[in-house]
Amino acid sequence: MKNYNYLFKYIIVGSTRKSCLLLQYVDQKFRNAHQVTMGVEFGTNIIKSNSHVIKLHIWDTAGQESFSSMIRAYYRNAIGCILVFDLTDRKSFDALIRWHNEVLSCTGNDIQIIIVGNKSDLQNKREVQEKEAQDLAKQFNGNYIEASALTGSNVVQIFEILTEQILQEIQSGKIDPQNEIYGIKIGDFEKRRNSEIIPKSQRQSVQVSYPIQSQKWECC
65 MKNYNYLFKY IIVGSTRKSC LLLQYVDQKF RNAHQVTMGV EFGTNIIKSN
115 SHVIKLHIWD TAGQESFSSM IRAYYRNAIG CILVFDLTDR KSFDALIRWH
165 NEVLSCTGND IQIIIVGNKS DLQNKREVQE KEAQDLAKQF NGNYIEASAL
215 TGSNVVQIFE ILTEQILQEI QSGKIDPQNE IYGIKIGDFE KRRNSEIIPK
265 SQRQSVQVSY PIQSQKWECC
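Residue numbers (the working numbering): 65 to 284.
Just so you know, these hints were derived from the structure itself, not from any lab.
Be careful, since some hints might not be right.
What the hints assert, rightly or not - Straight-line C-alpha distance at most 30 Å; calculated DSS-like pairs for lysine-lysine:
#1 Lys202 / Lys189
#2 Lys238 / Lys255
#3 Lys238 / Lys66
#4 Lys119 / Lys189
#5 Lys112 / Lys238
#6 Lys155 / Lys195
#7 Lys112 / Lys93
#8 Lys249 / Lys66
#9 Lys93 / Lys189
#10 Lys155 / Lys93
#11 Lys119 / Lys249
#12 Lys255 / Lys119
#13 Lys112 / Lys155
#14 Lys119 / Lys238
#15 Lys202 / Lys238
#16 Lys238 / Lys249
Working from the sequences, and respecting the hints, build out all of it.
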């Protein structure tokens, strides 16, 4: 059973500490030791938003250049992208334009973007101001939020905002979930919902006629 309305594929992209956000979101845990993602990591979760049940498949891709050719395959069919930088590391913010261009080259302009400034718990060490991050998010036609993988602050909100962003695009008709290019999978809840809202005037009536002569049926 596909007990959801839609399944969205998200990718987490950036230079640093992305896995910590994914682990905090999926398992409510923080990874103290720094472990470099080797290739990709995967997580899944369920979100309820505006009477919709959304299943998320979340792929955390390696930030190292040596993995770039491999991880591009995981960008395809993603409808949402979480671009992560470290608020205490200016270089990680400056790299977002390169990451964004790489994502668009593999997915197209319809992918929905949210920029996340991680380590909001270290305000006294920040090297990137909120205003410039907000301006970059507008440039990418996306949203911006600051979060902390350590404390869990705003981590859930990252995925809620991005999911709501995509649902709005679906409801406005800008994204067609039936179109395979978006990579959205339709679940049983949405199929049932669509069948229930079809007006009676549009439902086709089927007339069944039976032959007069009896027929012998064989099991196939």
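Each hint, compared with the structure:
1. Simply put, Lys202 and Lys189 have alpha-carbon atoms about 25 Å apart, close enough for the 30 Å limit, and the pair holds.
2. With a C-alpha separation of about 20 Å, the suggested pair Lys238 and Lys255 falls inside the 30 Å cut-off, and the hint holds.
3. The hinted pair formed by Lys238 and Lys66 meets the criterion: a straight-line CA distance of about 25 Å does not exceed 30 Å.
4. Note on Lys119 and Lys189: the hinted pairing is violated, with a Cα-Cα distance of about 36 Å set against a maximum of 30 Å.
5. Note on Lys112 and Lys238: the hinted pairing holds, with a Cα-Cα distance of about 21 Å set against a maximum of 30 Å.
6. Proposed proximity of Lys155 and Lys195 is supported: the alpha carbons are some 17 Å apart, at most 30 Å.
7. With a C-alpha separation of about 22 Å, the suggested pair Lys112 and Lys93 falls inside the 30 Å cut-off, and the hint holds.
8. In summary, the hint linking Lys249 to Lys66 is supported, as the alpha carbons are separated by about 10 Å, within the 30 Å threshold.
9. For the given pair, Lys93 sits about 23 Å from Lys189 by alpha-carbon distance, which is consistent with the 30 Å threshold.
10. Our distance criterion of 30 Å between C-alpha atoms is met by Lys155 and Lys93, whose separation comes to about 27 Å.
11. At roughly 9 Å between alpha-carbon atoms, Lys119 and Lys249 fall within 30 Å of each other, so this suggested pair holds.
12. Restraint check for Lys255 and Lys119: satisfied, since their Cα atoms lie roughly 15 Å apart, inside the 30 Å limit.
13. Distance check on the hinted pair: Lys112 and Lys155 sit about 36 Å apart at the alpha-carbon level, beyond 30 Å; violated.
14. Of the supplied pair hints, the one linking Lys119 and Lys238 holds, its CA atoms being roughly 20 Å apart against a limit of 30 Å.
15. Restraint check for Lys202 and Lys238: the C-alpha separation of about 18 Å stays at or below 30 Å, so the hint holds.
16. Pair hint Lys238 plus Lys249 holds up; C-alpha atoms about 16 Å apart against a cutoff of 30 Å.
In summary, the structure is inconsistent with hints 4 and 13 from the numbered list given earlier, while agreeing with the others.
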